[in-house]
Amino acid sequence: MRLTGLLLLVSGWAIVLAAFVMLGAAMPRAAFVMLGAAMPRAAFVAAGVAIEILGLGLVARSHVSVREARR
Amino acid sequence: MIPSAAPSEAATVLELACLLLIPLAIAGIALVNTGLGRSRSASHAMLASLCAVSVAAAAYFVCGFAIQGFAGGPAHTIAAAGKQWNWIAAQPLFLRGLALDASPACLILWLQVLSVGLVALIPLGAGLDRWRLGAVCASTFLLAGIVYPLFAHWVWGGGWLAQIGFVDAAGGAPVQAVGGLTALSIAWILGPRRGKYSSSEGGMPAAIPGHNAVLVLFACFLVWTGWLGLNGAGAMLFGGAPVGALVRVGLNTTLSAAMAGLAAAAITRARFGRPDASLCANGWIGGLAASSAGCLYFDPAVAALAGLVAGALVVFTVEWLDVYGEIDDPTGSVSVHAIGGIWGVLALGFFARSGSPVQPLAQVAGVATLLGFVLPFAYSLNWLLDRFSPQRVAPEGERQGLDLHELGAGAYPEFVIHREDFLQR
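In the order they appear, the protein sequences are chains A and B. Position in the first sequence (first residue = 1) + 159 = my numbering. Position in the second sequence (first residue = 1) + 1212 = my numbering.
For the record, the hints were derived by calculation from the structure and aren't laboratory data. You may find that some hints are simply not true.
What the hints assert, rightly or not - Quick partial rundown of chain B residues pointing at chain A, CB under 8 Å, derived from the structure:
(1) Ala1287
(2) Ala1291
(3) Ala1489
(4) Trp1532
(5) Val1535
(6) Glu1538
(7) Ala1577
(8) Ala1580
(9) Thr1581
(10) Gly1584
(11) Leu1587
(12) Pro1588
(13) Tyr1591
(14) Leu1593
(15) Leu1597
(16) Phe1600
Backbone N, C-alpha and C fix where the C-beta goes; we use that ideal spot for every residue, glycine too.
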């Protein structure tokens, strides 16, 4: 669980990084019209951060469960 | 960024004055760590602080500055999507080739040696009463020699975060958040103090209060004074602020700390019936941490709001991490520095005056880098260190107290130690 959480943290960051490197500023994409503002970069950054939060939760949970098992 | 024009003599004198105040912040954080720990580890906490600052300065001298560098200095880049992305500096090791005069690059070097000392003290608070002195030194070397300089280069050395527009005037992300997230790694790896989470407490963590509230509250004044210097020097050297902007910086720093302290006092008064001294101190320092990133860019009202939110965040997250996260952080370093610092970075993106339209996204990217790179990196390095040499003191040493176990003498030899201090819970 801990390793998965750490990998999710890094994966989320990689998505954010890729969004800034690969997607130019304010480049509307037709596929993202459903997102309203047509801001693919913002959408990818939000997705990356969401994955990071999931990873952080997993890492935190892994430390709690280890202690629960020791009790 | 380094100001392009040569600074005036008055600006240089003010920058030097600000730099001279920063050791007060370091002393203050060391006192907070000591006061919030147990009396039987007080001497150890102060010595560990001194050692951490020394090791941090040495590590930064050996390789830290070579990795961090300064904006406009030599650096390694990666080409991606038709653009060169600056990721690490290419300065020589051991500060070779630097003129060491009053140039902006050298003033930045001095500021960074002081800042890295401050960063090194933040994880100490999370590892109080159970972190071996040797492990403190080894872990600090990794933090000050690798983790901090790399992230600081991305923010202040012309790195890729600076290229996408990330802004931080005085270290909300590189100093506070990096230190706070390393503290989180340390708290996870060391585990809680003995007796903190025992089944006999009905599932609730035991309260282990600090041993000297006066020390902690006095330290708040020291930290405030030091922070005025830290934020002032950062704003001038990294933000390119003119001399007159120091008024705004000082006002914002003070307002943020004051509102955070008041928020913490009001919340603890409402929840527990009376203000809690240690949480008020934590709130005060959390407000200072929240002011670091945007001290140059906030309007005073925004700085006050940032402080108010930081104070509330610190109070609630200290309890939340303790009860639900089972993270034994005796000084609240994670809440104060990581959460306070990250909140300040985000507040700069969303509430600062005259920010560019891309500023919020750039600030979020900075926070994503802290969570997605700095935290796993710091955790992995400290985990590896723990594999080679356990960072936690032996159970007998923890029962006895680190003063006697590691130093051979207590901080308060005239005090009678209560019998229950030696009982294993």
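Status of the hints after comparison with the structure:
1. Ala1287: With a minimum Cβ separation of about 17 Å from chain A (threshold 8 Å), the hint on alanine 1287 (chain B) is violated.
2. Ala1291: The hint is violated - alanine 1291 (chain B) has no Cβ within 8 Å of chain A, the shortest such distance being about 10 Å.
3. Ala1489: violated (28 Å)
4. Trp1532: Violated, because the Cβ-Cβ distance from tryptophan 1532 (chain B) to chain A comes to roughly 11 Å (cut-off 8 Å).
5. Val1535: violated (11 Å)
6. Glu1538: holds (5 Å)
7. Ala1577: holds (5 Å)
8. Ala1580: Nearest chain A Cβ about 4 Å off; hint holds.
9. Thr1581: holds (6 Å)
10. Gly1584: holds (2 Å)
11. Leu1587: holds (6 Å)
12. Pro1588: Given a least distance of 5 Å, the restraint on proline 1588 (chain B) holds.
13. Tyr1591: Holds - the Cβ of tyrosine 1591 (chain B) comes within 8 Å of chain A, reaching about 7 Å at its closest.
14. Leu1593: Status violated, d = 12 Å.
15. Leu1597: violated (16 Å)
16. Phe1600: Because about 19 Å separates phenylalanine 1600 (chain B) from the closest Cβ in chain A, which is outside the 8 Å limit, the hint is violated.
In the structure shown, a violation is registered for the earlier hints numbered 1, 2, 3, 4, 5, 14, 15 and 16, in ascending order.
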